[in-house]
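J.: So you can see what is in the structure, the chains are spelled out below.
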Amino acid sequence: MSNLRSLTFDAIIIGGGGSGLRAALELAKSGKQTAVLSKVFPTRSHTVSAQGGITCAIASADPDDDWRWHMYDTVKGGDYITDQDAAEYMCSEGPKSVFELEHMGLPFSRFDNGRIYQRPFGGQSKDYGKGGQAARTCAAADRTGHALLHTLYQNNLKNNTTFLNEWYAVDLVKNANGDVVGCIALSIETGEVVHVKAKATVLATGGAGRIYASTTNALINTGDGIGMALRAGFPMQDMEMWQFHPTGIYGAGVLVTEGCRGEGGYLINKDGERFMERYAPNAKDLAGRDVVARSMVMEILEGRGCGEKGDHVFLKLDHLGEEVLGKRLPGIVELSKTFAHADPAKEPIPVVPTCHYMMGGIPTNVHGQAIMQDADGNDQIVNGLFACGEAACVSVHGANRLGGNSLLDLVVFGRAAGMFIEGALNEGIDYLDASESDIDAAMARMNRWNESGGGESVPALKAELQDIMQNSFGVFRQEDNMKDGVQKLAELRGRIAEAHLADKSNAFNTARVEALELDNLMEVAEATAIAALERKESRGAHSRYDYPDRDDVNWLKHSLYFPAEKKVGKRDVNFKPRTVDTFEPKVRTY
Amino acid sequence: MVTNITNLGRSGLSDWLIQRVSAIILALYTLFIVGFLLINPGLDYATWSGLFAQTWMRIFSLLAFVSIAAHAWVGLWTVTTDYLKHTAIRLAVQTAIILAVFVFLVWGIQVLWGA
Amino acid sequence: MSTLQVSIYRYNPETDSAPYMQEFQVETHGRDLMVLNVLELIKEQDSSMAYRRSCREGVCGSDGMNMNGKNGLACVTALSDVVKNNKLVLRPLPGLPVIRDLVVDMGIFYKQYERIQPYLQNDEPAPAIERLQSPEDRDKLDGLYECILCACCSTACPSFWWNPEKFVGPAGLLQSYRFLADSRDTATRERLADLEDPFSVFRCRGIMNCVAVCPKGLNPTRAIGKIREMLLANAT
Amino acid sequence: MNSKRPVNLDLTTIQFPLPALTSIAHRITGVILFIGLIFAFWALDKSLSSAQGFAAVRDVLASNILAKLIAWGLLSALGFHFVAGIKHLLMDIDIGVTLESGVRKAQITVVVSAVLVILAGVWVW
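Chain order of the listed sequences is A, B, C and D.
Per the UniProt record's numbering, the very first residue in the first sequence carries number 1; after that it's consecutive.
Per the UniProt record's numbering, the very first residue in the second sequence carries number 1; after that it's consecutive.
Per the UniProt record's numbering, the very first residue in the third sequence carries number 1; after that it's consecutive.
Per the UniProt record's numbering, the very first residue in the fourth sequence carries number 1; after that it's consecutive.
By construction, these hints were calculated from the structure, which means they are not laboratory data.
Please note: incorrect hints may appear among the correct ones.
[Claimed, not checked] Here are a few chain B residues that face chain C, going by a calculated C-beta distance under 7 angstroms:
(1) G12
(2) W16
(3) T80
(4) D82
[What the hints assert, rightly or not] Heads up, simulated DSSO-like pairs for lysine-lysine below, C-alpha to C-alpha not over 27 angstroms straight-line:
(5) C:K70 x A:K504
(6) C:K70 x D:K4
(7) A:K158 x C:K216
Predicted, not measured: the structure shown is a model, and the values here were computed from it.
Beta carbons are placed, not taken as given, at the ideal position from N, Cα and C, and that holds for glycine.
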């Protein structure tokens, strides 16, 4: 069966978003045979939608700014299950990465002195929380992600990176020793299926926000890398941790950047009250996202929501004036007019917490190497497999990511993975080739769809999955409801395994891609659900009515979901940064 | 840099400039002739040929004819390269245009000085 | 009446020898959907319908198509903006080879983008921090860097239809000027030298079809004019 | 790559904004004027050759309906080409390079040249 054509590279990077392109750039510069395989043309990746900025202590807004303050905020923001060695690496290496981006041409906004413009974002402080609000998010108006992604793509062109655009990675290929030696990939344009052989396979496939019915995420965010890794038997870390962004446009789910609040906007309830003053007296609207999202839901549940149904709140920006809006938030003005029919210069934007970011993912070290556990519960490197960006869980975001830290994560750890792989390739990597049966195993899922003769349709099953996740695993969670959700998902899994792909044509068959994506959504949803049910505490984005408090005795840990047994284990959080003192867990208030 | 056999070594910039300069000359010439005809409603041969007997008018007219030649060639070359995708046909048409432009120019000179 | 009549350009290379228009009825329940939502509803009826989409908020540039005769992004085009007489006609972007249905081969469009060397060039050693740029210099990039490469403009441009291999097209030229206008870029002379021929820039006839369709409200015609000014200044 | 791929370029399905239509008209009038040069040079040559020649041109223009139509057509084409050319020159110096003013200028071009076409007709007859 496995008479597939094969393509061979030193490294294959799956995903053409920010982290994938940053890793590719590093490898392309080194002259390694590198290819970026992306299911969309790279600049269509979801990084393009990032708005507010990239948080980094470049000491522009404040010459005394310190990366250690940023690290403190990051650890606290993550409710202390942030790995401190990773946060240390990201925050200290960050400025280098941001300056690199600037040198590559990223059109950052500027201060009068010519330095990069920085704006305040949620959860940012000076002097380890003692010095008040910081302004640490470097911005290109409110199109920072767009500017960043295009800059990275442009520099990959400059460095002659090989692109396999509109190719879809189906499954990982493992050899007899369990090493990852590439993947099976489908050319969307022609329908051809190939075996991509590589000494390093990097999953830079981004998030999976599409497991929820309401999300800020692009339609392509279906957790393909997570699905592939889970099917290959690798564990996932902290999958219960999903960030709900406070300001998704009501009804449409489109993101409205936290930068709006950084520039001085604030949330109001139906009485016009700036309610965040009650929930976070100091940081107010710039508290951590989990805190703000929960506060909004509380307002709505207590009857102070806006609109006919009282099911959202308002983001007020009109007091900023048209000039600030036009200069700093032009994209928001555009989006609000298009999707909320509201001109922010005149009226507030209706917003509601909306699924936004997956803090969990493939556990990795700071070099992007994927990690699993051996029989004794010790970390063990997965040979050949790397991850970076949202698909990875390094973990710098812990239980709740700070705004602007995702873009920094992308470039810092994309670069780190690229550098590490370059070094490893220089030292020499030699894994056993995949056998025919190994390749057949990786082809099984695709063959199942191609041979399907009847069954339920993909869009209906997808909608059902999204509703289950929305109803049982939202901002607030509860045992009974989650158990119900887990059960429904288990039943849904059976139906998806029998679902039907009606169109079996080859040329640009998007129905086939959507069917393959559905499997991945299923994997991510189930990992999320089971991990959420297991973590019996409230921490960061994971809030439970039945366990309202943080439980550091039992759960100052990463959760680790093992797909084969569908069981959840634990993994130690790293509390040993190399150059600074450990930030000890404290009560988290803003 | 895109090159084309019928560019004849020109640059797009000089084409563009030629087109503008010749346009202005032709605009002025047109305004002049139309104005002349309007203020001389009962124009007779003597006035008419008298005008063209003047050296400055001959120079002005020659300038206009050269402008026509340049303006037409640049314009029609653009049009033919846009719409005529078959090389042989395009070349044939362009050759015809060059010939016509040449004929008009010689004819014009003959009209001005030949009589 | 809330049943929308939708007519869509269909072509599947494996089964069709030529493209044809197919009619669909879509129940909108009176909602002012985006065209992309209509396509999603149609895909539920007919899973073989092919189109590209990603961000669904007008920033990724995937779903450029021709809607009732005008190019635009399906995800940010509301039915109320485009539908006339309850009829919606969807066709692929004009002038590019059709791979299937509404999906076009963007190869030549990307090639023109790559041709203008769309990356900052600066041969001076980089400083330890960022290169400084005044807010005024940075303002010059506004209206240029926001391009999402959706190709709505270039495929609305007759000059691009007739000379796709030679005329860089509005999108490519907008990006060309984005780097010419960047105070940090030092390759201005080389960039200009590469644009002097009669096709790359000078095929623009200023008809502004590009401006009329740009979903981001950008103005390639003005950028092309600025390039011409720079070429002129450079040559004299 | 499959070179047999169809291309959607059925011009009847594509909306053309006014500035595009005036541009096409600019082209068409340009080609017409080039062909019309034959008549213009003939008239110039004949009218300058002798008094009889001058009278012949006058008579033809005064009495021959076909000649009148050709003269009117060429003058109309000239009028439009002239006005649209001015519009081009204005855009070259960065005047009216926004969508609104582009459409406005195209409208003005149409109106002004329509007036010129009428005036040319009045003149010829």
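J.: Taking the numbered hints from earlier one at a time, note which ones the structure violates and give those numbers from smallest to largest.
T.: 3 and 5
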